[in-house]
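Student: So the protein sequences, as listed, match chains E and A. Going by our numbering, the first residue of the first sequence is number 1206, and it counts up by one from there. Going by our numbering, the first residue of the second sequence is number 193, and it counts up by one from there.
Hints in this document: simulated from the structure, not taken from any laboratory. Don't take every hint at face value.
Claimed, not checked - Computed list of lysine-lysine pairs in PhoX-like fashion (alpha-carbon distance at most 25 angstroms, straight line):
1. A:Lys341 <-> E:Lys1260
2. A:Lys215 <-> E:Lys1319
3. E:Lys1224 <-> E:Lys1379
4. E:Lys1259 <-> A:Lys341
5. A:Lys341 <-> A:Lys412
6. A:Lys412 <-> E:Lys1259
7. E:Lys1426 <-> A:Lys414
8. A:Lys215 <-> E:Lys1426
9. A:Lys412 <-> E:Lys1379
10. A:Lys412 <-> E:Lys1319
11. E:Lys1259 <-> E:Lys1319
12. E:Lys1425 <-> A:Lys215
13. E:Lys1379 <-> E:Lys1231
14. E:Lys1319 <-> E:Lys1260
15. A:Lys414 <-> A:Lys341
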Amino acid sequence: MIEYLSGLFTPTILMYLLKGFGITMKVAAIAIVLSIIIGAVLGLIRSYAPGILKKLAGIYIEWFRNTPNLLWVMVCFIAAPLPSDWSRCAMAYVLFTSAMMAEIVRGGLNSIPKGQFEAAHSQGFTMVGTLWYIILPQCFRQIIPTMLSQIITVIKDTSFMAQVAVAELLFRTKNLMSIFYNVTGRQITASDVFLLFGFAMLLYFIVNFALSCIVRYLQKKDSAGGKLVG
Amino acid sequence: MIEQILTPWRWESILSQWPVLLKAFLVTLEAAVLALLLALVLGIIFGLMSSSHHRLPRAIARVYVEFFQNTPLMIQLFFVFFALPYAGVSLNSFTCGVLCVGIYTGAYISEVVRAGIGSISRGQFEAAYSQGFTYLQTMMLIVLPQTVKIILPPLVNQCVNLIKNTSVLAMIAGGDLMYVANNWATNGNASYGPAYLLAGALYFCICFPLSTWARRHEEKLKQQDVQKPEEASGKEAIA
Chain E
1206 MIEYLSGLFT PTILMYLLKG FGITMKVAAI AIVLSIIIGA VLGLIRSYAP
1256 GILKKLAGIY IEWFRNTPNL LWVMVCFIAA PLPSDWSRCA MAYVLFTSAM
1306 MAEIVRGGLN SIPKGQFEAA HSQGFTMVGT LWYIILPQCF RQIIPTMLSQ
1356 IITVIKDTSF MAQVAVAELL FRTKNLMSIF YNVTGRQITA SDVFLLFGFA
1406 MLLYFIVNFA LSCIVRYLQK KDSAGGKLVG
Chain A
193 MIEQILTPWR WESILSQWPV LLKAFLVTLE AAVLALLLAL VLGIIFGLMS
243 SSHHRLPRAI ARVYVEFFQN TPLMIQLFFV FFALPYAGVS LNSFTCGVLC
293 VGIYTGAYIS EVVRAGIGSI SRGQFEAAYS QGFTYLQTMM LIVLPQTVKI
343 ILPPLVNQCV NLIKNTSVLA MIAGGDLMYV ANNWATNGNA SYGPAYLLAG
393 ALYFCICFPL STWARRHEEK LKQQDVQKPE EASGKEAIA
């Protein structure tokens, strides 16, 4: 058994798959950081900005939220003005996820009473100061569990890149099935295929399960300790 | 991209093939409806299991939910489509897509159902048991009908996700909307601009009304919560 496993997961194959996982995590990390920032700005605009800006943010959010992420991966892969394959895909995730994040932020902002603005203004805070020091900290504390769930979705959705031949984890797993003979010198069997897919699933699972444990812990703390906002 | 969208002949060449597009749209709808049915059945079964008193059904439901929520839909789909044939099980791409999307969304719906059941007070169960209702009767006749109002918004949101996720059918040549748009984008005169815009607009037409309704309904429920603060904590768990 161990002999078989070490025969299948040779250093070459392991490195090949782990490098793919590196690309997965790189794109996910960039998409998550950028989309949280853009999402927060969009959420604020949609909640508090006047007139036309609010409309525009609304159109952006609804348009991207209600179309599949896969569509944007395809579109950006062909049309985005960025140099490398993976960065064009990352742009697709930023476009889609920032709309989702904006909606999450808006949900958090909704729960903050309007009186806080009046109180802050009466104390001499500017609009930006109020948002930065008073509104956003409360909002983020409340939406972190939902945001983490969205982050898990981003990490899972990076596997869409397999379709446009960016060599991330899923693409490499599938690719190994066709180049297996060249790498190992023997025909691929059912158990090889199952183990390769199992390994890739395990990698995704470890990262996402850790994140979802954090989500559950935060939610439990939230409902046990009463309201964080008060 | 924008230049392509503004070129009339590209639109003409695509719109002249409208029956292909209509058929693809129907495939997407059909896949979504079938997958939704499967997801609802699985979601209710596993949702009930995870609110059970016994440890075993709870553990099974936990494993189901954690596995399907924490691995990508794409890898599940590729596993069923590319790896299972090695074990002698080959399904056609449409069946494959419906099964995978249904089982995947079922895990999310089961969490929604579990949270809904959790928001019903213990006393209701005790009252039902004292009147001689069995476990199943209590759930079907008393508990689940009450949760419907609360779980409907998150359920509709999951439905929107499901519709968007049917686009993975394109990856295994399932003939859905995304697949046809891709074909137009890569074949012949490469009119990807209009093709993707059209596909996006069609997805938007189904998803936008649903997600807007869900948001409005959720906001209405939250306003009711403000009036009745003692019930708020249970409902927030789902939102």
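Student: Tell me, which hint numbers fail for this structure?
Tutor: 1, 2, 4, 8, 9, 12
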